[in-house]
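These are the residues of each chain, in order.
There are 2 protein chains.
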Amino acid sequence: MSVTSRDVGAPPQPEGEGALRGTANSARLAARVLATLPREEKDRGLGAWADAIEGGDAEILASNALDLETASAEGASRAVLDRLRLDGMRIREMAEQIRHVASLEDPVGSVIDARMLDNGLRLEKVTVPIGVIGVIYEGRPNVTVDAASLAVKSGNAVLLRGSRTAERSNACLVRILREGWRDAHLPFEAVQAVPPTRQASEAMMRARGMIDLLIPRGGADLIQTVVRESQVPVIETGVGNCHVYVDAHADLEKALRILINAKVQRPGVCNAAETLLVHRDVADAFVPQALSALADHGVEVFGDPEIRRRSPAGMDVQPATDADFLTEFLDLKIAAKVVDTLEEALEHIETFGSRHTDAIVSEDLQAVRRFVAAVDSAAVMVNASTRFTDGGEFGMGAEIGISTQKLHARGPMALPELTTYKWVVWGSGQVRA
Amino acid sequence: MSVTSRDVGAPPQPEGEGALRGTANSARLAARVLATLPREEKDRGLGAWADAIEGGDAEILASNALDLETASAEGASRAVLDRLRLDGMRIREMAEQIRHVASLEDPVGSVIDARMLDNGLRLEKVTVPIGVIGVIYEGRPNVTVDAASLAVKSGNAVLLRGSRTAERSNACLVRILREGWRDAHLPFEAVQAVPPTRQASEAMMRARGMIDLLIPRGGADLIQTVVRESQVPVIETGVGNCHVYVDAHADLEKALRILINAKVQRPGVCNAAETLLVHRDVADAFVPQALSALADHGVEVFGDPEIRRRSPAGMDVQPATDADFLTEFLDLKIAAKVVDTLEEALEHIETFGSRHTDAIVSEDLQAVRRFVAAVDSAAVMVNASTRFTDGGEFGMGAEIGISTQKLHARGPMALPELTTYKWVVWGSGQVRA
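Going down the list, the sequences are from chains A and B.
Residue numbers for the first sequence follow our numbering, so the first one is 1 and each next one is one higher.
Residue numbers for the second sequence follow our numbering, so the first one is 434 and each next one is one higher.
Hints are not guaranteed to be accurate.
Said to hold, decoys possible - Which bits of chain A does chain B cover? Going by a derived footprint, with three or more residues having C-beta under 8 Å, they are: (1) 246-258; (2) 378-388.
What the hints assert, rightly or not - For the chain A half of the interface with chain B, some residues (derived, Cβ under 8 Å), not all of them: (3) L117; (4) R228; (5) F352; (6) A374.
These are computed hints drawn from the structure, not numbers from a lab.
Since this is a predicted model, take the numbers as computed values, not measurements.
Glycine residues also receive a C-beta, built at the ideal position from the N, C-alpha and C atoms.
Chain A extracted, bound-state conformation (with noise of 0.2 Å):
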């Protein structure tokens, strides 16, 4: 099957509906191609792109240049503009993570369940590409290289919609990555970039039967207008209110580890904490050294009355509204609040939780069964850091993001997330009676 011979290095089509439904389509033929490649092919085609990364260093920076030139003209914050910048030593890290994934196991193809029927048929559940794969997001342009590499390598093709900051650094990153297919004669209109406006995006979430599944990547706004307005499925990833609960039973010593860690380590990610609940039952050797530790590292807290009082002599506690209490804060700042029994902070996970990760401190097995069975999140701690909700430390190897919905996917998603399955059935003949 032959792919079409759409201008490889054509710069993103211009808006809505109709230009996106040529590129989906044409991302679908490649995807047909790519779903029966054999791993080798696909390996070959990641070292290509690996290549072609590394030797395309000048234009990537040039591109990236003239991005950063327009966010400083229009008064990009500093974090916004490190975040954009690129430079010889991250564009050596994206060659290394497109080898990396190529070095990962091949999804596809593996056969997740068999059975032989009664009647002789033999039945066998084996692991496809979803398809077409659409993915918004906001940020580093690392990204584009990140999903396009993990896309593929489970045999699927991607639409990419980067933010409009990172425009130019993304397509140059895109026509890199399809050139290097064109020459290495793999169906290169599996990688697509997506012009990066509001009417694309439309046309995106409206592209039911085209586009197979959605993946929006970037802050609280975009991810809940995607759920929102999309008639394709998606997968909702990223916003995490996390919650550690110092039990009555808890290792203080612990407890206080993981507090910190769990905040400070990294706070503007989504799988760091929001919010400490503290058992009344050591709220007071636990709340003031807390507070103390936290106030060393910088970070702000907003308490209920019962950790306000119990705040060293001249600290500053902010009082805590429940706005507070349902803020993905991702700073150095974190609601605080004093439970009578660990179901009422079960009760406040539930209704203030956002269902990513949760963690509980204790050395009580009941208590700590309990809170396992009960909180209803993609991943819960015991006696563990939120932070080590991620595919790399889950031993994934990558991760193209983490869903906090229930179909599908939970948590963590790197490669076999990415795939599907279908059922073959093996027979000689059968009918049914």
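Place chain B on chain A using the hints.
Frame of chain A, contents of chain B only:
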């Protein structure tokens, strides 16, 4: 945790968003109890249901008689009345089906993956219920009982929105189920009736965060409406435009048996065949006998010119349009076409199929391997009837629907498909470096 004290026998609530919120919240509270209920308790509850259904036969038949009377007065077809009608036998079958579901393995609490990380963390991926499942369905009242049994056995609560035609039968069944669990001291709010109105369906589709999953069961119109409008994640079920492809190297005796079984054994269901594709090399040998056999079974054929050219003398084969190839007839009708190559058959299935079930009849290993790899459907049959795509036939013991989408579940869905998973991470104070 106590469930609400709303009267167990209360009729479905008045329509709209507010009422649905109340219903869904009661269901969610009950789901939290059910999620951690041991198997023995769930099975005891199912036993109580079977007894209650059998003991309530007089009321059920009385409600059903009222539905039949209304439907009859409104001029319902004999087929509709037959699907609606309950009798002593059908009631006993419902009770038996409940007992059968009780006998199936509990899908909750299985550790489906576990690993020990280098830092000493132990990861477990454990199956858990989805939460609150909404089912919007047409037709037979026994779906009410089937859906409720499968939902609670897998630890979920269920909102049942049946058809207007079966309104009184369904309300009576739900009341009996709820009374049965009230008397057994189980969380009866796990089963909720939603009124059979457009307004109530719309409220369900907007209930993101309150309902975790919507399953539409019924005709293509119903399914498309739910898929298009729902903000709640949906599993698309049931539309089956299934193909039988007779390859150049088919055993024609098997091909004929499979074709007739796939088309006529039960034409009104989603896994019945709707299109026949025949390779040119066997068209002269196969088409005339296939057309005769289809005619003998009262099947009307819509054929392309190459099919019509080969029709036995005196037989009238209608010309096939693209619309015919797109149609799920659910009737004694079939579209038919001669293809020049296996690739043309694959292209036709890709263009006109519904990704439900497609069959190849061939003794040629390479052709079979290509078909199995390239056809992107929930089930691919090799030398077997399309009618085998069914939870019962697949040995799943039950079926809540057949998914034609790629996320979460594909093909027949039973108890494991009504669960999701969570990650449980067991530590001893680990923090991230």
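Each hint, compared with the structure:
Check on the region 246-258 of chain A: 5 of its residues sit with their Cβ under 8 Å from a Cβ of chain B, so the three-residue criterion for coverage holds. With 10 residues having a beta carbon nearer than 8 Å to a beta carbon of chain B, the region 378-388 of chain A meets the requirement of three or more and the stated coverage holds. Hint status for L117(A) relative to chain B: holds, with the closest Cβ pair at about 6 Å, below 8 Å. Among the interface hints, the one on R228(A) holds; its C-beta lies about 6 Å from the nearest C-beta in chain B, closer than the 8 Å criterion.
At about 13 Å, the closest approach between the beta carbon of F352(A) and any beta carbon in chain B exceeds 8 Å, and the interface hint on this residue is violated. Interface restraint check for A374(A): the shortest CB-CB distance to chain B comes to about 7 Å, inside 8 Å, so the restraint holds.
Checked against the numbered hints given earlier, the structure breaks only hint 5 and satisfies all the rest.
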